[in-house]
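Novice: For reference, the chains in residue letters:
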Amino acid sequence: MISEDRLRILTESAKYDVSCSSSGSGRKNEGGIGNGYAAGCCHSFTPDGRCISLLKILLSNDCIFHCRYCMSRAGADVPRATAEPQEICELVMDFYKRNYIEGLFLSSAVHISPDYTMERLLEVVKKLRTEYKFFGYVHVKGIPRADPLLVHETAKYADRMSYNIELPSEESLKLLAPQKSRESLLVPMLRLQRERAEFKAERKKGHFLPAGQTTQMIVGASPERDGKILRLSEGLYRNAGLKRVYYSSYVPLVHDGILPDEPAAAGACREHRLYQADWLLRFYGFSVEELVEEGEDLPLDLDPKCAWALRNLHLFPVEVNRAPLEVLLRVPGIGARSAYKITEARKYTTLDFSALKKMRVVLKRARHFITANGKFCGAAEREIRGLLTAGERAENAVQLDLFSYAETERARSVRTGEL
Amino acid sequence: MIYFYDGSKDAFLTALLYAFSDDDAVLTSGRAQLSLSQKTVFVCTDKRRAEKAKKRLLELDKDSMSDLDTLLRSGEEDRDTVALNYFKFLAKAGKPVRGMLAEDAVAAADACIRRVNFEVHRMHGFLRFMECESGALYAPCAPDADIVDLLARHFLVRLKGYPFVIHDTKRQKAAVSDGTKLFTAPLGQAEVVLSADEEAWQALWREYYKTVNIPSRERLKQMRGYMPVRYWKFLPEKNDPPN
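Taken in order, these protein sequences are the chains called A and B.
In terms of the working numbering, the first sequence opens at residue 1 and continues consecutively.
In terms of the working numbering, the second sequence opens at residue 1001 and continues consecutively.
Calculated from the structure, these hints are not laboratory results.
In this text, all values refer to a predicted model and were calculated from it rather than measured experimentally.
Backbone N, C-alpha and C fix where the C-beta goes; we use that ideal spot for every residue, glycine too.
Among these hints, one or two may not hold up.
Stated by the list, open to error - Quick list of in silico lysine-lysine cross-link-like pairs, DSS-like style, CA-CA up to 30 Å: (1) B:Lys-1181 with A:Lys-133; (2) A:Lys-364 with B:Lys-1221; (3) B:Lys-1160 with A:Lys-28; (4) A:Lys-200 with B:Lys-1160; (5) B:Lys-1052 with A:Lys-127; (6) B:Lys-1221 with A:Lys-358; (7) A:Lys-204 with B:Lys-1052; (8) B:Lys-1221 with A:Lys-127; (9) B:Lys-1055 with A:Lys-347; (10) B:Lys-1052 with B:Lys-1088; (11) A:Lys-357 with B:Lys-1221; (12) B:Lys-1221 with A:Lys-15; (13) A:Lys-358 with B:Lys-1062; (14) A:Lys-347 with B:Lys-1095; (15) A:Lys-358 with B:Lys-1092.
As the list claims (entries may be wrong) - From the structure, some residues in chain A lie toward chain B, with a derived Cβ separation under 10 Å: (16) Asp-5; (17) Ile-33; (18) Asn-35; (19) Cys-41; (20) Cys-42; (21) Asp-48; (22) Ile-52; (23) Ser-53; (24) Asn-99; (25) Ile-342; (26) Tyr-348; (27) Met-359.
Pulled out of the complex, with its shape left as it was, chain A reads as follows (with noise of 0.2 Å):
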């Protein structure tokens, strides 16, 4: 068993990489532990918020290179330890069965050369798979620069891979990660999808990183604004076929001139709202010319999908009795869940705003969107916005009861005279 100061270590360095996802693989028992949860599947949650799917850990924090917003870099004065791939296997076994967790994500720092740690890490996931009968969800880490062969042949055993992009652009990876570049980040990464094309086309037996591809950047440890950074994500979804962007808003962990040596004071309602716009890129029909400038961030005070209708109110309201699904989904407040209730409900009846509450739609900002069986509920729109950003504000906002509004609309309409 690997000691708890050991597994301390290893863990600490490795938390940084938000990747938690178990899902998107169906891999089955084939005669041992584990089997793959398609939809993914949480465990537990620690007080940041954060879940617990995979065990996150790395198998040496003893690295060769200089990334200066790291931790583990060469030179760093930390604590310092490798596992074995076998203390790796016997914790992965042992906590999976008692369900702690969904499988494993390994990664490691680059442990004396690039060759070297990819081979152990590819030792560790092929020992879980052929000598543990382990069949549980396992993410390996790409290692810049390794060997494309060790990479193909760790991908035949893994559900997913990914190589980090860290940082949005060329000129911030120099300043800050002097020895990974873009091309040794993008290139294997694009490599690994053109093979796994091959191998789906090719229907073999066998397994090739079923759950496919991710990747993380940093957030605020370099100055890109949040209109690159999702031009780089969408970019990403369609030219290298990556499942998911994840963003990381960075936290100080190292003193250097050239970082920030605060968190920024917006990191985790930006990173937020950078998730908000990937939602709306990857499940909601929208591109990101929609929704920011290349040069401009988005706003914190909105929502990406409300900022957008704002600007677009012209196209607004639609009604929810006829508007078709990629319509209903632009409509602030409403998602996926709603925008499929409401186009299965109305095929028996017309719905109108009684209807959508019973349906639990959530109305706060939608109804400034919408008609419900010709009727209007929402505020004029010059007060929408208003409206819009102080729900943003009130954290704990008490849901409003959406007859009051129906009474001031109605109030306003004596008192002006319009219908």
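Fit chain B to the given chain A structure using the hints.
Specialist: For chain B alone, coordinates are given in the frame of chain A:
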């Protein structure tokens, strides 16, 4: 009228026939507040009637029996009446009504089914096994809904070959597997002798949980939203070991 029944599927189907034209029917398998103005009826299973009701419902909607199964698992007090109203509505509509979410009866049943299924999903993650001296795995839990057999199906596939017990301490029943087959049985209290390493693994897990947290980004409200406190009782990472 208030209809009492034993909570079984057949008794429910019998009660459905009895209460079919009673618009104010309240159905319950637990305790209900009796009021002076309402009459009460105790419904016993009538196999023949239950079969008849089942056959008819399956003709109308082939998934109706799985809906019923899920609804009756719920731990919510009004689940029986919610189910009653849903199936009455189905029978009157004469065709599947699942999509009619603007109807009260359907919306209530849909929400109830969703909560049960969501808890099954949550418990797939939150269940914690302990290793016994014999090598068998034991997991106590107290879910809102009656789902230990559903959980056991998931773990039978996942832990192929491992004998395990999933114990619902609230309902005093357990799903038991020898590694290949499953059955459920009443189980009040379990005497568990832990394996020699069990406590050390739990300690290691606590250490991991503590380390993987980023203290500078504390968001307790979010944690409790995702993992409500009522699920903490059996999580080693949320309970310090006894001295």
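Novice: Straight-line Cα separation of Lys-1052 of chain B and Lys-127 of chain A no greater than 30 Å?
Specialist: violated, 57 Å
Novice: So, Asp-5 of chain A near chain B? Judge it on the closest CB pair being under 10 Å.
Specialist: holds, 9 Å
Novice: Identify whether the interface hint at Cys-42 of chain A stands, where standing means a beta carbon of chain B within less than 10 Å of its own.
Specialist: It holds, given that the least Cβ distance between Cys-42 of chain A and chain B is near 5 Å, below 10 Å.
Novice: Between Lys-1052 of chain B and Lys-1088 of chain B, does the CA-CA distance stay at or below 30 Å?
Specialist: holds, 15 Å
Novice: Within 30 Å, alpha carbon to alpha carbon, are Lys-357 of chain A and Lys-1221 of chain B?
Specialist: holds, 26 Å
Novice: Does Lys-358 of chain A pair with Lys-1092 of chain B here, judged by a C-alpha cut-off of 30 Å?
Specialist: holds, 21 Å
Novice: Would the hint linking Lys-1160 of chain B and Lys-28 of chain A be met if the CA-CA limit is 30 Å?
Specialist: Distance ~11 Å between Lys-1160 of chain B and Lys-28 of chain A Cα, so the pair holds.
Novice: For a C-alpha distance cap of 30 Å, please report whether Lys-1221 of chain B and Lys-127 of chain A respect it.
Specialist: Distance of about 40 Å is beyond 30 Å: violated.
Novice: Straight-line Cα separation of Lys-364 of chain A and Lys-1221 of chain B no greater than 30 Å?
Specialist: Holds. Lys-364 of chain A to Lys-1221 of chain B sits at ~22 Å (cutoff 30 Å).
Novice: Against the 30 Å threshold, does the CA-CA distance of Lys-200 of chain A and Lys-1160 of chain B hold or violate the hint?
Specialist: holds, 28 Å
Novice: Under the criterion that the straight-line Cα-Cα distance not exceed 30 Å, is the pair Lys-1221 of chain B, Lys-358 of chain A satisfied?
Specialist: Distance of about 27 Å is within 30 Å: holds.
Novice: Per the CB criterion, is Ile-52 of chain A less than 10 Å away from chain B?
Specialist: holds, 6 Å
The structure does not agree with the numbered hints 5, 7 and 8 stated previously, though it agrees with the rest.
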